[in-house]
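*Asks:* With chain W fixed as given, assemble chain U onto it according to the hints.
If you read the sequences in order, they're chains W and U.
Counting from 1, position 125 in the first sequence corresponds to residue 125 in our numbering; the numbering is continuous, with no gaps.
Counting from 1, position 311 in the second sequence corresponds to residue 1311 in our numbering; the numbering is continuous, with no gaps.
Please note that a few of the clues may not be correct.
Unchecked claim - Derived Cβ-Cβ restraints for the label pairs, each shown as a range:
id	chain 1	residue 1	chain 2	residue 2	range
1	U	Gly1430	W	Glu12	40 to 46 Å
2	U	Glu1506	W	Lys14	53 to 59 Å
3	W	Glu12	U	Lys1399	33 to 39 Å
4	W	Val205	U	Val1431	30 to 36 Å
Quick caveat, the hints were computed from the structure, so don't treat them as lab data.
Backbone N, C-alpha and C define an ideal beta-carbon position, used for all residues, glycine too.
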Amino acid sequence: MTYRVDPTFVDELKKYGHVNIEDCFNCGNCTAICPLSTSETPFPRKNIRQAQLGLRENLLESVDPWLCYYCGECTLTCPRQAEPAEAQMAMRRWLTAQYDWTGLARKFYTSKVWEIGAVFFLAAFIVVTFVLFHGPIVTDHVALNTFAPVHLVELGDYVMLVGLSFFLLSNIFRMYLFIVRSDKSLKIPFKLYITEAWQLLYNTVTQIRYAKCDEEEGQSFWEKTRWRNHLIIVSGYGLMFTLVVVFLRWFQTDNYYPIWHPQRWLGYYATIALLFGAGDAIIGRIKKDNEMHKYSHPSDWMFPILLLLTAFTGILLHTFRYLGLPLPTYYTYVIHLAILTPMLVLEVPFGKWAHLAYRPFAIYFEAIKEKAKVLQESQTTADAYAAAD
Amino acid sequence: MTEPNEENKEKDVKNNSEEPITVHVDELKDAVEKEIADAGGEDIKIGVYVCQCGGNISDVVRTDLVAKELEKFPNVVVSRDFIFMCSDSGQELIKKDIQEKGINRVVVGSCSPFLHETTFRKAVSSGGLNPYLYTHVGIREQDSWVHADHPKEATELAVHLMEAGVAKARLLEPLKPTEIKAKKHALVIGGGIAGLQAALSIAKADLKVTIVEKSHFLGGRVAQWDTVFPTDEDARAVLNRVIEEVLANPNITIHTGTELIAAKGYIGEFNIRLRQQPRGVSEDFDGLDEAIKVCPVEVPDEFNFGLSKRKAIYRPYDGCVPSGAVIDWEHCTKCGECLKVGKKGSINLDETPHEFDITVGAVVVATGFDPYEPFKGEFGYGEIPEVITLPQLERILSKDGPTKGKLEVNGHPVHNIAMIHCVGSRQKEGVHKPQPDGKVNDYCSRVCCTATLSAAKQIHEHFPDTNIFDLYQDIRTYGRGHEDYYINASKNGVTFLRYFAEEIPEVTKSPEGEKNPVMVKVKDHLTWGYEVEVPVDLVVLAVGMMPTPIQDLIGMLKVSQGNDRFLLEVHPKLRPVETAIAGIVLAGTAQGPMTIREASYAGQAAASKVIAMLITGQVELEPFVAKIDPERCEGSGECVKYCPQEEAIRLETFTEDGRTFQRAVVSPANCNGCGVCVSVCPNRAINIQGWTLDQFDAMVEALAMEVSVLEDA
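So here's chain W without its partners, still in its complex pose:
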């Protein structure tokens, strides 16, 4: 196999982040210090080398960028200040854009006009929809389900769910083709897809690889701050997503519940977790006080800001409803949806959110490939013995 160099690639990658890999002289300190890289997946050095030479196919079939959680140890250790951790981040954005067959992800990552334009377009779409099609406005008491009938909103939810799932799953399928099917010589028994499926759920729920990243040996859960914080964000996000998509009829209600009612405290927990997560990201990026937040791509701001605004308008909405202020409730509701919708549409299949899916799938694909390789090798050895006999 001969690989052809492509000197234009580094410049392309530069659009996806603060890339400084020209300075890298391939010493491998980054890989040596990385708590997650292995001899089979020697990142970030391998990915950086692929990027330096512009070996696009190699990079496309690599799961390694998804196995990195950006602890920043490599960047701190790099003798040439080549910023390996940020290079891996840029490669994740680049890969997200490559997996996406619509080309929108690439547009959103490489053009602020496209990204901000899309947010405003979707927000305007929601506002206009409500202006044109809202239900009767009851002003003597708060009647949100009259203003925005929950079954209709739910219908919109499902439409969006199906649409976003379609895009996201088709992107994941492309990711599968790049990563798993690129190696034509590798025969993968179908059974492996089933037996390794637990990886998906297990890693999504536990984020366990994050625990190995950056932390010292023997720390408790509460001391592993980055894993802990990330887990809180994921749980908050997951919970809120479930509430507004699956249980909307129960969640969006005109009833007033006591404080211990799950409809309230589940919502509060999710809101606090989202505020915490988005706030942590934004404050970190402003202060640039850790490696992960040192460099901010425009897309890095968009997601937490939209999230923060979503949470903030959600709180307002809730407050106005409990204070019995009908009009502020309705207006806030529209604004809330006008922020929430672009956040989901943009980020889930085309942006930052997608890593929520890509990371577990990367681990899943990697596990399948590894197992298949072991099987194939033992089969080859067995065949060789059989032939010898």
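*Replies:* Here is chain U on its own, set in the frame of chain W:
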């Protein structure tokens, strides 16, 4: 030292008898004999000193017992041991004993003679004795340090060695260093940066210097370079500053177009014959442009490394020194077309080479290097027009080069460049094609790594859209400021690919339909040994350095050559610019690959050696040379036959009482005291002064004597 073959030897002998060289042997002989006569008849009084070397010797050897034992020997007047003989008080001891006890031979047992023989000779001399009435005995390196486990035997050994020293001292005679009148004039062979620097430094010490340059202009290889690291200066600007100083110095004479054709002599007086090629064009000739136009002969221009053509009448480059044009005699057909142009000045196509002699006291060999010339087909060189060498790239980048500074090759612009390091350097036997002498260049040329990255920097500055791929084995940017070029290259996006010498990159013409004309394939060890292909518009081979072929000169000067064909110094650390031939020193890349900075160091170091040799107008040589006993010599000529040194010993015809006979005569300036003549003489007629056969006999006898030192104690 090159071994002259038998045939040459005979010729030399003949030459010698025809033209005897002028050393004042007789005067010298008389002086020494007089001194010996003065000393004659006196009692031999020997002072023996055993050094403790602060425990280095005395912790093992009982120096007190050794001194006591030596006291018993005949002629020994004083015998002492002392803590540090080399200290001022130790030396004072010797002086006092000479003056008060009248000792006239001194033996010191201490460290190796390499360390302190000279020290004690000086002490003896300042006590008023001839400094050669001294014997040094090594009882540290040869005894205490190596026999620490056997103190008793070590003490006995020390006594043996010291006895031998005393036995030799008894037979010592006063000697005089050979003094040679030295011409206060140095010859510098080579007008490149090293030679110019050497000449300038020597001239500044008010010695005369003659620069001999084979080509018709000064400056050598530096003149062909565009921008030089680590200062990014214009090479010509650096060079011109040196040349201007050289031209302005009245002590310097320059002969360009000149070569050595014969050399003989020794330090202080080398007789050199030179041959100067005529320029053929007078300096005030004003029709050069027209003459070039009408000249029908076209040959590759060596100044541009064959990238362009020049005529048989030419000037290497504008601003060269000397600035006049020259005729290329090898290619000129003497058609006479050029004679028809120009109003002022003239062209003379009938001029012939002119030979002349000079006599100099010392010679600086600064003959420089040639860039390695790749074989046809080596990395596609000579077959693919887009494959060039780094010196050729420098010409292309140069504003007065064949493309006037435009980055073009074969007529098309260049966007992707591959630079391949270690071409003609660090070669492996069995992998690389050897040179005609059967050897591959296994050495590192040192300069090319930084020079390549420096060129990459220039390209990036002037042509920022160019992509550069750097194929290296190891980056050796070793000098001050060099590493910056490596870091700079990375920052500018130079892509590095690493190959190993066993699997060198493959350069081929691109297949049809490719955008770039050349394809470079390399097994890249930074990418797990993947085979990587790099489509490029230009391949630059970072060729190494090879010494300018100077076999004739090496034969004439008898300087030694290393396995790598570069000239060899006596010792890489202790005598780094001197050759084994006294009076001949090395400067610059004739000795090995060097940067301009290093060549300048070398030139100035060579100059300081030359100045030290010649500044007094006199050269003193150690007297340890062969001496003939005319009574015993029968003129067999064996010594002359076997002497490895040219002109050191010869047969001369004498006539006495009507009888004609031949006797050997030594030329002390040329003799290096090796002793070969002593061993072949059938009549025991030759001795090396200071190490006579009688002295050796006495030493061996003394060593064989029984010693019973500890029983006495």
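*Asks:* Run every hint past the structure and note whether it holds.
*Replies:* Results for each hint:
For U/Gly1430 and W/Glu12, the hinted distance range of 40 to 46 Å is satisfied, since their beta carbons lie about 43 Å from each other. As the Cβ distance of U/Glu1506 to W/Lys14 is approximately 31 Å, the hint placing it in 53 to 59 Å is violated. Between W/Glu12 and U/Lys1399, the C-beta spacing of about 35 Å keeps the proposed range 33 to 39 Å intact. Judged by the Cβ atoms, the range 30 to 36 Å given for W/Val205 and U/Val1431 is violated: they are separated by roughly 57 Å.
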